[in-house]
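**Student:** We have chain A; now place chain B onto it with these hints.
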Amino acid sequence: MSKKKKNQVSSKPLSARIYNHRWFYLMFLPVLVFIIVNNYLPMLGLRYAWYNYNGVKEPVFVGWDNFAKMFSKAGFWRAFYNTLQLSIIKLILNTFAAVIISILLNEMVNLAFKKFTQTLIYLPHFMSWVVTASVFGLILAPTDQGLVNTILKAIGVVDGTAESPYIYFLGSKTWWRPVYYVINLWKDTGWGTIIFMATLAGISPELYEAAQIDGAGRWQRMKYITLPSLANTIITVLILNLAKVMNLFESVFVLMNDIVVEQSDVLATYIYSQTFNSGTIPNFGYTTAVGLARSVVGCFLVLVCNYASKKTRGKGIV
Amino acid sequence: MRKTTKKVLSASLIATLAVSMMACGSKDTSNSDSKADAQTKEDGTTSSDSKDNAKSDVEKPSKITVMCDGTVMTEDNGRAQFESALEAALGLDIQFIQPDHSSYSDVLQQTITGGEWPDVVIIPATYYQSYAKQGVLWDMSDAWENSDLKASGRVDERFVDCLYIDDEDIKGLFGMSATRGNGCVTYVKQQWLDDCGIAEVPTTYDEYIDMLRKFKEVKGTYAVSAAGLISKEAPYTNYLPEFYQDAYPDFYEKDGKYVDGFTEDAMKEALQRLQDAYTEGLIDPTAVTNKTSDCRTKFYDDQFGVFTYWAGTWANNLSTNLEANGKNGDIVAMKPIKELGKYVERQSPVWAITTQCKNPEGVYKYFFETMLDGGEVQTLWTYGVKGVHWDTKAETVTWGDKSKDYAEGEFHMLPSLEDSTKLFAKNHIDSTIVIDTWVDSDPGAKSIPEVSQKSAEVFNENSVIANVAVSNDIIAQNSGDIWTCRANIVAEVVTGSMTVEEGMAKYEKEVGDLVEDCLKSLNK
Numbered sequence: 001m002s003k004k005k006k007n008q009v010s011s012k013p014l015s016a017r018i019y020n021h022r023w024f025y026l027m028f029l030p031v032l033v034f035i036i037v038n039n040y041l042p043m044l045g046l047r048y049a050w051y052n053y054n055g056v057k058e059p060v061f062v063g064w065d066n067f068a069k070m071f072s073k074a075g076f077w078r079a080f081y082n083t084l085q086l087s088i089i090k091l092i093l094n095t096f097a098a099v100i101i102s103i104l105l106n107e108m109v110n111l112a113f114k115k116f117t118q119t120l121i122y123l124p125h126f127m128s129w130v131v132t133a134s135v136f137g138l139i140l141a142p143t144d145q146g147l148v149n150t151i152l153k154a155i156g157v158v159d160g161t162a163e164s165p166y167i168y169f170l171g172s173k174t175w176w177r178p179v180y181y182v183i184n185l186w187k188d189t190g191w192g193t194i195i196f197m198a199t200l201a202g203i204s205p206e207l208y209e210a211a212q213i214d215g216a217g218r219w220q221r222m223k224y225i226t227l228p229s230l231a232n233t234i235i236t237v238l239i240l241n242l243a244k245v246m247n248l249f250e251s252v253f254v255l256m257n258d259i260v261v262e263q264s265d266v267l268a269t270y271i272y273s274q275t276f277n278s279g280t281i282p283n284f285g286y287t288t289a290v291g292l293a294r295s296v297v298g299c300f301l302v303l304v305c306n307y308a309s310k311k312t313r314g315k316g317i318v
Numbered sequence: 001m002r003k004t005t006k007k008v009l010s011a012s013l014i015a016t017l018a019v020s021m022m023a024c025g026s027k028d029t030s031n032s033d034s035k036a037d038a039q040t041k042e043d044g045t046t047s048s049d050s051k052d053n054a055k056s057d058v059e060k061p062s063k064i065t066v067m068c069d070g071t072v073m074t075e076d077n078g079r080a081q082f083e084s085a086l087e088a089a090l091g092l093d094i095q096f097i098q099p100d101h102s103s104y105s106d107v108l109q110q111t112i113t114g115g116e117w118p119d120v121v122i123i124p125a126t127y128y129q130s131y132a133k134q135g136v137l138w139d140m141s142d143a144w145e146n147s148d149l150k151a152s153g154r155v156d157e158r159f160v161d162c163l164y165i166d167d168e169d170i171k172g173l174f175g176m177s178a179t180r181g182n183g184c185v186t187y188v189k190q191q192w193l194d195d196c197g198i199a200e201v202p203t204t205y206d207e208y209i210d211m212l213r214k215f216k217e218v219k220g221t222y223a224v225s226a227a228g229l230i231s232k233e234a235p236y237t238n239y240l241p242e243f244y245q246d247a248y249p250d251f252y253e254k255d256g257k258y259v260d261g262f263t264e265d266a267m268k269e270a271l272q273r274l275q276d277a278y279t280e281g282l283i284d285p286t287a288v289t290n291k292t293s294d295c296r297t298k299f300y301d302d303q304f305g306v307f308t309y310w311a312g313t314w315a316n317n318l319s320t321n322l323e324a325n326g327k328n329g330d331i332v333a334m335k336p337i338k339e340l341g342k343y344v345e346r347q348s349p350v351w352a353i354t355t356q357c358k359n360p361e362g363v364y365k366y367f368f369e370t371m372l373d374g375g376e377v378q379t380l381w382t383y384g385v386k387g388v389h390w391d392t393k394a395e396t397v398t399w400g401d402k403s404k405d406y407a408e409g410e411f412h413m414l415p416s417l418e419d420s421t422k423l424f425a426k427n428h429i430d431s432t433i434v435i436d437t438w439v440d441s442d443p444g445a446k447s448i449p450e451v452s453q454k455s456a457e458v459f460n461e462n463s464v465i466a467n468v469a470v471s472n473d474i475i476a477q478n479s480g481d482i483w484t485c486r487a488n489i490v491a492e493v494v495t496g497s498m499t500v501e502e503g504m505a506k507y508e509k510e511v512g513d514l515v516e517d518c519l520k521s522l523n524k
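Read top to bottom, the protein sequences are chains A and B. Heads up: the first sequence at position 5 corresponds to 5 in our numbering, and the numbers run straight through without jumps. Heads up: the second sequence at position 62 corresponds to 62 in our numbering, and the numbers run straight through without jumps.
Please note that the accuracy of each hint is not assured.
As the list claims (entries may be wrong) - FRET-style restraints, in silico, Cβ to Cβ:
(1) A:ALA68 to B:THR499: 32 to 38 Å
(2) B:VAL259 to A:ASP65: 25 to 31 Å
(3) A:ASP65 to B:ASP167: 24 to 30 Å
(4) A:HIS125 to B:GLY114: 32 to 38 Å
(5) A:LEU111 to B:SER403: 35 to 41 Å
(6) A:ILE139 to B:LYS254: 57 to 63 Å
Unchecked claim - To give a feel for the contact side, a few chain A residues facing chain B, derived at Cβ under 10 Å:
(7) GLY55
(8) ALA211
(9) GLY215
(10) LEU255
(11) VAL261
Since the hints were derived computationally from the structure, they do not count as laboratory data. Since the structure is predicted, the reported quantities are computational estimates derived from the model, not experimental observations. Ideal Cβ placement from N, Cα and C applies to all residues, glycine included.
Same shape as in the complex, but just chain A (with noise of 0.2 Å):
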């Protein structure tokens, strides 16, 4: 199509268009109608945010008192800065974990091994996290069934007494955390590792064989080639992932229990335990604002997200 006839085309009015493309547009109507009906019409609910509202009787009008009540309370600033801190460590974690496994997986000369060892780390991506917590529960529990603390028996750390007890890595205030990163980095450091494999696959072999020559070791070559290519890849991975950060839930969910609260409460449990384990019929409207404030800061981290990849790619995510 030559380009006076792109302009006679574009050229022509709005209605015309349309018109022209109908069939394309009549296509594209279910997907719009679908996308108006379950992700915006929702969005209405959030109205509720300034009203009392037990989903039952007719909702109160109650002003800013939510957000006024969230803002008191000790149990939601606790959780806004759980999920900040698990949140932000765990990506931080799982994505240098993945840079450094992509780079030693990409080191591997037998292919065989290699493929076998990726689909080995994969696998652990499609476990559920209630597979998940059951399969670390037994592995972790402070009994003489729990596999590390027989480890730590045999090795001479604990003994199984009063005096020198198993870890109940589960159920310690100390040992949550740490043990909360590991299970995450376990579970979802070899799904991480493939975008940074296609990274290491785009690298051209030239520039290897080029440092070869001019007489680069094995480090220097990771130093000065692989890492500096892989580095675009790793910030735009750390960006799109923190504006993620508010969304998490499930895996804490399932890992938490009545002695970590204090370590392990997020916003999602928080608004989950306000909803569900109140033991009543909860106000909607207080869960709902919380809720609202998660997206708010949510969004927020998107917008800066999109702000830094701009700066650092020379293009937005949104």
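**Tutor:** Using the frame of chain A, we list chain B on its own:
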């Protein structure tokens, strides 16, 4: 893309969307009013108030929607056959909505909030009062008072009377249950008693602790386990009753005034007993992270010997599962120790009619009353369907590696459809705790295993009904925080992270104000 292809694709997509939208929005409103009709009046009565509804010429509903938990026959166990048999017996259409049992309360809450209520729902005891006060439940007091069921005199009315609500917000009967609330009794493995040379089960706390110590010493493992150290549903303390004794960790009425039982001396002493036993290694070290299923598995696996669990049918389940795991299935249901006095019978989950039901009188008469008809329908609700779940014909019944011959006319249960290695146990009604008597006699009485009967006897003779969980708007707003704090303190104190005094100080500091607000609202 060719024009015809575009047209066909577009038309198909639109049709798909239209059909899916119709499917989402489709509902049968044959027996439901709009939500607006169900609003509660200022004086606490509902628009569907039953004051004038006690008529003899009650219209029979054509269809009833019923939301129930997993205590009613599940799909895997033959709900379709049960539903057909029930519909045939009642001559009306029953539509069951049965969410997963473990998430029933959550789904119920979402359903109520969603605004489209079934005609009949099972309400967990914890929510009974709050739903009644919010106008979700129809007042069936007149229907009950004027019912043939009451007139029959077959019902133990204590278990109906305890469900009457009578406070400044609301008055009436908003739900009924076919069975007592049931509760937990403490089971001890006979094999463990024999191995430790203990002739009798304990009758005092000292004897109880001595037994646990002996078990630990001989078996080399903890002696008692529980799913969590405290339950967040009333009666809260029922899985470790020997340690809690007379402690009640929630608001309750004492000498005409509401108090917070969590801060009372009884609770402090209970926490100390639990901490001592935990430190000594008598209680399962993973109790905090246990789920109920974990405890059962460990019990079947002989990892511990003392388990406080449901009375009645569950006694037989525990026993047969032990045998299935190659262990000795003999268990003894302990009478409550002296310091405990009585086991606590929980408030039973109730069957209730929602205020959106178009014909509540009809539903009461043809659904509620028939459930306890003492005959055909009660048999369905108790034992299931003849020929599917039980039978009386002469036959050899085989389940797992066992089999038994039955003579003609002899009532016997058939293998469970869900697990053919076990016999079907019961439908919704547990005949050991049903609140009425049969018109003739319980057809399956002889099929109830002895271990279940004994367990039910011990419980029924040694239990008191739990307090109704109190509720109002202030409690609704603060309950989540208060219970999170209570559960955290119990867990921390028992596992030794803090002393009882430190725990109480933390409670006062973190939720003292909220507790104060709740007590003020209850005592105003």
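**Student:** All hints are to be evaluated individually against the structure, with a verdict given for each.
**Tutor:** Tested hints:
1. A:ALA68 to B:THR499: 32 to 38 Å: Cβ of ALA68 (chain A) to Cβ of THR499 (chain B): about 35 Å, so the range 32 to 38 Å holds.
2. B:VAL259 to A:ASP65: 25 to 31 Å: Taking Cβ atoms as reference, VAL259 (chain B) and ASP65 (chain A) lie about 28 Å apart, which means the hint holds.
3. A:ASP65 to B:ASP167: 24 to 30 Å: 26 Å, holds
4. A:HIS125 to B:GLY114: 32 to 38 Å: 34 Å, holds
5. A:LEU111 to B:SER403: 35 to 41 Å: 58 Å, violated
6. A:ILE139 to B:LYS254: 57 to 63 Å: With a Cβ separation near 46 Å, ILE139 (chain A) and LYS254 (chain B) fall outside 57 to 63 Å, so the hint is violated.
7. GLY55: 3 Å, holds
8. ALA211: Not OK, violated: ALA211 (chain A) not within 10 Å of chain B, min 49 Å.
9. GLY215: This hint is violated: GLY215 (chain A) lies away from chain B, its Cβ roughly 57 Å from the closest one there, beyond 10 Å.
10. LEU255: 9 Å, holds
11. VAL261: 5 Å, holds
Checked against the numbered hints listed earlier, the structure breaks hints 5, 6, 8 and 9; every other hint is satisfied.
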